[in-house]
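Enquirer: Take the two lone chains and join them into the complex the hints point to.
Chains as they are written, first to last, in the numbering used here: chain V, 1 to 104; chain A, 1001 to 1497.
Since the hints were made in silico from the structure, they are not lab data.
Hints may contain errors.
As the list claims (entries may be wrong) - Residues from chain V that face chain A, not an exhaustive set, calculated with beta carbons under 10 Å:
1) I9
2) L13
3) L17
4) G18
5) K19
6) L23
7) E24
8) D27
9) Q36
10) I44
11) I47
12) S48
13) E49
14) A52
15) A53
16) S88
What the hints assert, rightly or not - Stretches of chain A that chain V covers, calculated by requiring three or more beta carbons in the stretch to come under 8 Å of a beta carbon on chain V:
17) 1045-1059
18) 1102-1113
19) 1154-1167
20) 1215-1224
21) 1311-1325
22) 1331-1343
23) 1448-1461
Beta carbons are placed, not taken as given, at the ideal position from N, Cα and C, and that holds for glycine.
Single-letter residue listing:
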Amino acid sequence: MTDSAANGIDQDLVVHLGKLARLELTDLEVEHYTIQLEQILGAITSISEVAAADIPPTSHPIPLENVYREDIAVPGLLHEDFVPGAPSFEDDRFRVPRILGEST
Amino acid sequence: MNDLIRQSAATLAGAIARKEVSSEEVTRAHLERISQVDERVHAFLFVDPEASIARAREVDQQLAKGALSSPLAGVPIALKDLLATKGVPTTCGSRILEGWKPPYNATIVNKLHAAGVVSLGKTNMDEFAMGSSTEHSGYGPTHNPWDLERIPGGSGGGSAAAIASFESPLAIGTDTGGSIRQPAAVTGTVGVKPTYGGVSRYGIVALASSLDQAGPCARDVMDTALLHSVIAGHDPHDSTSINAPVPDFVAAALNADVRGMKIGVIKELQGEGFQSGVLQRFNQSLEILTELGAEIVEVSCPHFEYALGAYYLILPSEASSNLARFDGMRFGIRVDDGDDRSVEEVMSATREKGFGAEVKRRIMLGTYALSSGYYDAYYGQAQRIRTLITRDFVAAFSQVDVLVSPTSPTTAFKIGEKLDDPLAMYLNDIATIPVNLAGNCAMSLPIGLAPEDGLPVGLQIIAPAMADSLLYQVGSALESALIDRWGGLLISEAPSL
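Chain A on its own, in the form it takes in the complex (with noise of 0.2 Å):
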């Protein structure tokens, strides 16, 4: 098999199963990949090629033995470095965890490790998930490969530059307010946010609790519906985890059919603010939806402009209380260590010292938003904006089975350029963040290059909780109808670094 980094998971799946190929030849040319590009593409924060050989290896030798079925064994894969994996470096893109060696693993790493999927390494990531450019980790930026000036999203920019630069074919990402879809959207890849409580959080260092669900990034649908059947399920370790059978993604994918679907255009995710390439790629999915037989139906959902505020208090407001455990007594790094000091001088000290400015600024905001005087003005009042976005949500999907918006308002910016105004940054995340606030899932698919910049171009799709398989039907249907008119994945246009 030729060029085996451009092969899709379920592709490279197939040959490794027929014995075409190894997991291990696999496994070598995404290693050789990584060292070629990631100098300059810096998905990465660490790799240990020796690590993932040696297992690629033994996931050959069960195949050998017959001793794994598993629709993606022998595949490599990308982690996002807030996923605790055992013994390997977990540094959440923060100096305060700086050499931080978890003594467990995630719950998904196990089930990827079960699956036979092979580690390639941990990904980089905007410090404890807080950004949307990736540039807010403690490690520098991570570059988007369509043009390496630019951010490749955030947070999960090195999950999404990892499979965008195919030095991995499939990656995982967590998503608390876009950072799977956005980075998806701006790198020309596939993301999924699933349902909150479809897969695991045990053992994903928490950003804001309520919020937080981690998911499948991959080039196309089928890849990230593959992944997702192999991450998703009820475990005992997450008490907020859905204990329900998992539906069949990859069938869902496999039934690419919006014929007499209702397809609804949110009126709020559209004007103001959004780039017109981005505009121009959104309509023009729109009538190719039509063409394949749904029906757009505009429906409103009014809150939805309260959604960033909202938001804006209660993340930082649990992400204060979860960040509270980083302390400096227990593991990650202590500063100002001595006889003649209080714990109370080296917490601060080591906080201070270990977080990066968008850290300690949202920190900040929460103390202040959960604070004696200040809570039920600020944080009751959003909670209470949630229940009216979550009504919102009923009420539309009372109307239409999915709803679709651009996944971002522009294409990737360049590295630098939002960095000192936190308002605008946070304004990235305006289509993506209502989902996380209701619950519920959806995907981010590339539908084209914004014609002003040449950058890709994401379509979000999303649907009720607990369906999840909608997003792959939808999804796969939009996909198959762009890659006859490309002739290809959007993903192919990309520079070859």
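Isolated chain V (complex conformation) (with noise of 0.2 Å):
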């Protein structure tokens, strides 16, 4: 367990992260993204001492606007045509890993 640095920072939140992000992280890669996400979070800071509250954020460089087309039938693509790249696919299905809790 390391000190918690001012953005909070530590090997506990780090392995939260890496459970909230879906990646098995060994010890030693905890102990690297610990240190480096300090340093890069401590490098970019300054950035919370620049803009005031009342500039608008931007979330997009051009302005976005809900696009519609006509509501036309096209066709889509195939099972033959996603089969192959599918790690498991049975009765044309994606077969995936039990997603219930409870063990089969």
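Expert: What follows is the structure, encoded as structure tokens:
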């Protein structure tokens, strides 16, 4: 357990972020990323000093608006198009691991 | 025609159109070059010579029938490996997509096909376009043709190296923070990041959707203009694609004239951290532009110093969301599958094994920046900086027509030199990132070799959104003045390999 830094980065948080991001991190990775995230965030914290709250945020470089099209059916992909790229495919469906908690 | 691989795309297209040479001959010459040098350069991840030759023959037949009119018909091209190509492996430089063949084509790929441009293959890149050196590829680094021990830039190092080593006259890159321009700068080639929305993103594997933009790579300005005109235009499949007529980039490149133009030098992008030889060549180019009749004005963009910080919060945030789709369920590899494993376990094992160190680092950073309690302090704040940077550009463009800066603070560094220092690596993009945050357009073109190391230096021209034509006008003016001095393109000075 490392000391908690100003931005809250410590090994527990890195393990938690790994869970959220679905990354099964090794102990060595947890150690590295704790140091590196701390360094990177430390180097960019200056941005919190610049923009005041009255500056509107920009999420996108061009104004986005919803795009509509006529509701006309067009041919889509067929099974045989994406079967070869799927890791597991069975009975016309993607085969996935169990998604509920109970054991099989 | 002699030495087919050293000709420009424009020259090749002209000769093919006049039946002086066939697309098949041109394609074979480039495939031959790839087989000779790519073992050392490693620009390509995938080449299918038979398919390329078959396609070139088809184009030759279409041309013979007069069924094809395009300014680049028959010319070969290299495609960055994050463009979806139907039935052709597309890895994004990542092991997580090893062996995956997309079921559809990116719009750019369809446009190139319709224009009779012949694909030579897919080029190496930093994994999911995260990097400035192509060292973060899951398939090993690409080498800079100027010095094989050095990086070719990134993330599009494969595309830039393919052009610089005469393996292809043209390439497609994508630019999220400089991934077309910085590789162009360090390989002595030309690269253009079009205005955001100017070229369709459909079928381009997303890194950061509000920043990503595909564009042309070539050895001279005219070739980038020709390629840009082929790939540009509105696409109903991309909701962020601009629905406006495509300007005549080729006419702009022919109008190589900067007389009376005001060119702004960005005060914040020339001092500390920039290599002396880079600044020396940059200042010489300013003198040339003055001699050509432009007025050089210094402008200040005070918020650019915060661009890197804002970028390294916005990019990882968007990337961590975009890369959530790589979960081992519908495409790519799957690790530790089994009846006793939960979906979370399989996803986590797959992503842990499939992603490389830099990708994981940025996913973690983005997950952090978007997480509850930190969102406002990081992501929210970064978006406000983005507004301030856009305002800096608006203020600058009220005083000048275009802006210029060195493209990259240094020339190509040694492979391995910055691999374990992410912060040092991120600084490569300091001059290119503001353009992506604001969504306007920019070009990098070669302006000479740095005296201290003999490696190429690039100059960046930045124009307002939708004013891409200005890049070609100013770029070709500067390029032709430099060609007059050098007696040819800078790339002809590169080692023969």
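Enquirer: Now look at each hint and say whether the structure bears it out.
Expert: Structure-based check of all given hints:
no.: 1; hint: I9; result: 8 Å, holds
no.: 2; hint: L13; result: 8 Å, holds
no.: 3; hint: L17; result: 5 Å, holds
no.: 4; hint: G18; result: 7 Å, holds
no.: 5; hint: K19; result: 8 Å, holds
no.: 6; hint: L23; result: 5 Å, holds
no.: 7; hint: E24; result: 4 Å, holds
no.: 8; hint: D27; result: 13 Å, violated
no.: 9; hint: Q36; result: 6 Å, holds
no.: 10; hint: I44; result: 3 Å, holds
no.: 11; hint: I47; result: 4 Å, holds
no.: 12; hint: S48; result: 5 Å, holds
no.: 13; hint: E49; result: 9 Å, holds
no.: 14; hint: A52; result: 8 Å, holds
no.: 15; hint: A53; result: 8 Å, holds
no.: 16; hint: S88; result: 7 Å, holds
no.: 17; hint: 1045-1059; result: violated (count 0)
no.: 18; hint: 1102-1113; result: holds (count 3)
no.: 19; hint: 1154-1167; result: violated (count 0)
no.: 20; hint: 1215-1224; result: violated (count 0)
no.: 21; hint: 1311-1325; result: holds (count 4)
no.: 22; hint: 1331-1343; result: holds (count 11)
no.: 23; hint: 1448-1461; result: violated (count 0)
When each numbered hint is compared with the structure, violations occur for hints 8, 17, 19, 20 and 23.
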